Amino acid sequence: MKLKLFGALIGVVMWHVGAAQDTACTLTLKGRVVDLHTNTALEDVAIVAVETQQGSFADANGKFQLTGLCPGTVTISVSHIGCETQLLQINLQRDTTIKVKLEHKGLQLHEIEVVEAKKESHSTQQVSLLETKQLEKLRGLSLAESLSKINGVSTLNTGSTISKPVIHGLHSNRILILNNGVRLEGQQWGSEHAPEIDPFMAQRLTVIKGASSLQYGSDAIGGVILVDPNHLPDRPGIGGEFNFAGYSNNAEGNFSATLEGNHARVPALSWRVQGTYRRSGNVRSPAYWQKNTGVEEGNFSAALGWKKENYGFEVFYSRFYTRLGVLSASHMGNLDDLNRAIESNVPLELSGFSYKIGRPYQNVVHDMIKAKAYVATGKAGSLDIVFARQFNLRKEYDKRLPYNSQLGDRPGFEFQIQTLTLDVIWQHRMVKNFNGTVGFNGVTQTNNFKYGYFIPAFWNFSGGVFAIEKWHNDKVEVEAGIRLDYKWLQAFVNHNGNKNTFTFNYVVPSGSVGFEYHITDKLKWNTNLGTSWRAPQANELFADGVHHGAASVEIGDASLKPEMAYNLSTGIHAATRFFDADVELYENLITRFIYLQPVLPPTLTIRGEFPTYHYRQANASLTGADIDLCAKPIRGLELFSKTSLLFAYNLAIRDWMTQMPPQRFENGIRYTLRDFKHVKETYFGVSVVNVLQQKLIPQNDTGYALPPKAYWLLNFEAGFKLQFKKQAVHFSVTVTNMANIAYRDYLDRFRYFTDQKGVNAALRIRVPFFFEPKSKAKTN
Amino acid sequence: MNRIKPVIFIILTFVTLSVTMYSCKPDTNTCDNCEVELITSAYVSLTDSATGAVSHFAFRDLDGDGANAPVQFDTIQLSANHTYNATLLVLDESKTPADTISNEILEEANDHQFFYHTHDVTVNFAYVDFDSNTPALPIGLQTKWYVGSTTGNGNVHIELKHQPGIKDGNEATGDTDLSVEFSTRVQ
Numbered sequence: 064m065k066l067k068l069f070g071a072l073i074g075v076v077m078w079h080v081g082a083a084q085d086t087a088c089t090l091t092l093k094g095r096v097v098d099l100h101t102n103t104a105l106e107d108v109a110i111v112a113v114e115t116q117q118g119s120f121a122d123a124n125g126k127f128q129l130t131g132l133c134p135g136t137v138t139i140s141v142s143h144i145g146c147e148t149q150l151l152q153i154n155l156q157r158d159t160t161i162k163v164k165l166e167h168k169g170l171q172l173h174e175i176e177v178v179e180a181k182k183e184s185h186s187t188q189q190v191s192l193l194e195t196k197q198l199e200k201l202r203g204l205s206l207a208e209s210l211s212k213i214n215g216v217s218t219l220n221t222g223s224t225i226s227k228p229v230i231h232g233l234h235s236n237r238i239l240i241l242n243n244g245v246r247l248e249g250q251q252w253g254s255e256h257a258p259e260i261d262p263f264m265a266q267r268l269t270v271i272k273g274a275s276s277l278q279y280g281s282d283a284i285g286g287v288i289l290v291d292p293n294h295l296p297d298r299p300g301i302g303g304e305f306n307f308a309g310y311s312n313n314a315e316g317n318f319s320a321t322l323e324g325n326h327a328r329v330p331a332l333s334w335r336v337q338g339t340y341r342r343s344g345n346v347r348s349p350a351y352w353q354k355n356t357g358v359e360e361g362n363f364s365a366a367l368g369w370k371k372e373n374y375g376f377e378v379f380y381s382r383f384y385t386r387l388g389v390l391s392a393s394h395m396g397n398l399d400d401l402n403r404a405i406e407s408n409v410p411l412e413l414s415g416f417s418y419k420i421g422r423p424y425q426n427v428v429h430d431m432i433k434a435k436a437y438v439a440t441g442k443a444g445s446l447d448i449v450f451a452r453q454f455n456l457r458k459e460y461d462k463r464l465p466y467n468s469q470l471g472d473r474p475g476f477e478f479q480i481q482t483l484t485l486d487v488i489w490q491h492r493m494v495k496n497f498n499g500t501v502g503f504n505g506v507t508q509t510n511n512f513k514y515g516y517f518i519p520a521f522w523n524f525s526g527g528v529f530a531i532e533k534w535h536n537d538k539v540e541v542e543a544g545i546r547l548d549y550k551w552l553q554a555f556v557n558h559n560g561n562k563n564t565f566t567f568n569y570v571v572p573s574g575s576v577g578f579e580y581h582i583t584d585k586l587k588w589n590t591n592l593g594t595s596w597r598a599p600q601a602n603e604l605f606a607d608g609v610h611h612g613a614a615s616v617e618i619g620d621a622s623l624k625p626e627m628a629y630n631l632s633t634g635i636h637a638a639t640r641f642f643d644a645d646v647e648l649y650e651n652l653i654t655r656f657i658y659l660q661p662v663l664p665p666t667l668t669i670r671g672e673f674p675t676y677h678y679r680q681a682n683a684s685l686t687g688a689d690i691d692l693c694a695k696p697i698r699g700l701e702l703f704s705k706t707s708l709l710f711a712y713n714l715a716i717r718d719w720m721t722q723m724p725p726q727r728f729e730n731g732i733r734y735t736l737r738d739f740k741h742v743k744e745t746y747f748g749v750s751v752v753n754v755l756q757q758k759l760i761p762q763n764d765t766g767y768a769l770p771p772k773a774y775w776l777l778n779f780e781a782g783f784k785l786q787f788k789k790q791a792v793h794f795s796v797t798v799t800n801m802a803n804i805a806y807r808d809y810l811d812r813f814r815y816f817t818d819q820k821g822v823n824a825a826l827r828i829r830v831p832f833f834f835e836p837k838s839k840a841k842t843n
Numbered sequence: 089m090n091r092i093k094p095v096i097f098i099i100l101t102f103v104t105l106s107v108t109m110y111s112c113k114p115d116t117n118t119c120d121n122c123e124v125e126l127i128t129s130a131y132v133s134l135t136d137s138a139t140g141a142v143s144h145f146a147f148r149d150l151d152g153d154g155a156n157a158p159v160q161f162d163t164i165q166l167s168a169n170h171t172y173n174a175t176l177l178v179l180d181e182s183k184t185p186a187d188t189i190s191n192e193i194l195e196e197a198n199d200h201q202f203f204y205h206t207h208d209v210t211v212n213f214a215y216v217d218f219d220s221n222t223p224a225l226p227i228g229l230q231t232k233w234y235v236g237s238t239t240g241n242g243n244v245h246i247e248l249k250h251q252p253g254i255k256d257g258n259e260a261t262g263d264t265d266l267s268v269e270f271s272t273r274v275q
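Sequence lines, in order, name chains A and B.
Note that the first sequence covers residues 64 to 843 in our numbering.
Note that the second sequence covers residues 89 to 275 in our numbering.
Treat the hints with care, since some could be wrong.
Pair ranges (Cβ atoms, derived) [claimed, not checked]:
#1 A/Asn-408 x B/Arg-273: 38 to 46 Å
#2 B/Pro-223 x A/Arg-452: 56 to 64 Å
#3 B/Gly-257 x A/Gly-421: 19 to 27 Å
#4 B/Gly-257 x A/Asn-408: 52 to 60 Å
#5 A/Ser-407 x B/Thr-139: 43 to 51 Å
#6 A/Pro-665 x B/Asn-241: 29 to 37 Å
#7 A/Leu-769 x B/Thr-175: 40 to 48 Å
#8 A/Gly-421 x B/Thr-175: 28 to 36 Å
Please keep in mind that the hints were generated in silico from the structure rather than gathered at the bench.
Since this is a predicted model, take the numbers as computed values, not measurements.
Even glycine gets a Cβ: it sits at the ideal position worked out from N, Cα and C.
Let's have the full structure, built from the sequences with the hints guiding it.
This is the structure:
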């Protein structure tokens, strides 16, 4: 009874984090003012952020700094004695350094150049970003495929239609995805359940590598992925962009459009609508077509915002819909079928090209509605509240129709999960070099299913409180935080005629400390020690049955305890004129890591014998390095090299862990041409990706075939921008697997059945547009 | 004070929202009527063509694909040099009443075929029933078993292949819906 009351309490005050940082007024704008002609520093220049009236003077070196700025368009006034005050507008999304070049006579504002935009505020952790320019080359790829461009991130695939991101060897429930600030909740436990995200919505993808429960709550053992659209426009006018991406391999077309606006008469109000449609047919491996690998996807989102100086609201709705084919040859009746499939060099069912999607396939709808409010609490700071409801409906259609034709064309499994999240975050302004955040976030969830049993119906409540404080001076930034989480889960297992109710309670503290030290302007060192935890999921607790496609029996264990991760990472980052280097090392020690252990004897069913796996726990150690090097010997030329190493060891059985990404290398060259008339930002490049055979596998691994051989892939990219006055059109072309190599990948669950995608050429066109209101046109 | 009002307003809004959306207990009776199709049991009925004597042998695994062991797994007893008329009954006994899957297989006869093999005993099998494909292909719910003269212990392996639209009389085609290897004694 007491417990229920507590549950109810949490239900009333639900919370959760992550959403807040985009309106947090903690950004720093640094800069230097120089004379355009002599390049010498200008001192005694007054710099004022007009909206907040924060001011600063450039020092003897021309340097200035404004702190505690809010994201969005900031108007900076630059004043000098005896000159007319000039205004310049900067779209500030994170800590930014600018260089202002002024022409001395009359102080004509000439040019601003963004020198460096700092990686978010998670500075002491390892953070990687993909922004507009890099995303432009990735349009049309899934979220996981896009993120795999980041060193240390790989993909876990189920054939060519389903991919999930893997950070430092961890995936699914061990990483957290924040979709527009809201924790994405679907059926992420399944390795064949891809994240329900439209990558076209994102203008920025951020990966925080390593344990980061502190701000984001439980499950962030491997890391966090932030998927962020741009802020709603605050400049009067109507704008947007149109995107097209076409792929040769599977005759895929992607169309995406965004329209947004703000009106001079109601400057507080802004809006955006965005939609994407994607269709692809069967995938071509070098030697054959993969039957039933088409995808159809349609996504839509709309946002409405009301922003005043001291408060604001935003309502956001998004719908993700996909219907994706699963390789026909992947469904296994029993172990003999599987062995036959492995022995065959080609999939046992082939076809020609087609857009048709037949059984087996998945049908997934993900709806999210989010309401957000923000209030400036005087000089003290700002308060953010985000409430969101997500509903995820997943239907999985088996290869075979029911024997009983009266049952019709129904799915084999249907899962429905509803998630409510509430985040309350208060951020205080800088006080004597300190700034910080306290927050409060919670989740309630209800899971139902129909048709086949795989995981039980359950509901849960969870919530956490945290506090993070940062201190910094010119050279050093120190960060520390603590968090306490509570989770209550009740599952109703109704299987094989037995009904049981299980209730679980978890109370887990976590924390993080870290620092960033700027050794020089061009060299910095950061180190972070963080912890994170994850409660066992419904499938790990209650799975009981055959997993087709793997032709194995998986058996859960209701006595599993939460996993706890202790993550130490350290990195050196150098950025010089001729050479950039990012070297990051990490050790992720996970206690009670949950994994599948093969057991004997195999399970005998009417379909024959199946190898059997039990969910077990053991301490595990994941050690690795991500090394990014880039040499720039002459202007425009870049030689780059990326290395990603991982050693994952099970400390209990003293052996390597299974299903971990093999060592991976990428080396390439990119050349950027000088602008020529209307043709700008022209570049081209080639790169070679080399993935080694995974040799670090457990000795008793009953994987049915050895890990696939090492492979190398040749990729090509090129792009340019056509600029006609204010209108730009961006073009890019990529060709992946140029040599049309037939290869298989260890992290593809269908590696037993089919080769990967062959050569694939893509053309992408992006057309941004903006129409200024006529009355306003002259003031700029 | 002006700054406090919106704070209170917003907090109240969210608390109201939370309360109204709070009570979401899942449907705990899901799958009381969940019609999952399973094959749990295979019954082999053998009628001795000489004596008319009928014997029954069964494989029954009531949790279907679950990890529990079969509850019944008989040894087939055959007499050397005898001929049997065999019928196969395939059931889903996880339901009450049991679902007769063999009727449904018969309805989809054009997509299904049973295959019979032996190890270490000699039995020759002949199909009795055929589907409506052109040319007609065997089904295998009804068969004739010709037992050889050697006595001893071995196995009879019965396999059901699901071959939707691709039925070709070939055992290697399609997915396996049933695969049972009965211990067999020929006396």
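Do the hints match the structure? See the list:
Range check, A/Asn-408 to B/Arg-273: Cβ separation about 41 Å, and the 38 to 46 Å hint holds. At about 59 Å, the beta-carbon gap between B/Pro-223 and A/Arg-452 stays in the expected band of 56 to 64 Å. Roughly 23 Å separates the CB atoms of B/Gly-257 and A/Gly-421, a value that falls within the hinted 19 to 27 Å. Range check, B/Gly-257 to A/Asn-408: about 24 Å between beta-carbon atoms, so the 52 to 60 Å window is missed.
Separated by about 46 Å at the C-beta atoms, A/Ser-407 and B/Thr-139 satisfy the suggested range of 43 to 51 Å. For the pair A/Pro-665 and B/Asn-241, the beta carbons lie near 22 Å from each other, so the given range of 29 to 37 Å is not met. The beta-carbon spacing between A/Leu-769 and B/Thr-175, approximately 45 Å, falls within the hinted interval of 40 to 48 Å. In this structure the supplied range 28 to 36 Å holds for A/Gly-421 paired with B/Thr-175, their Cβ-Cβ distance being about 34 Å.
The structure fails hints 4, 6 (numbered hints given earlier, in ascending order).
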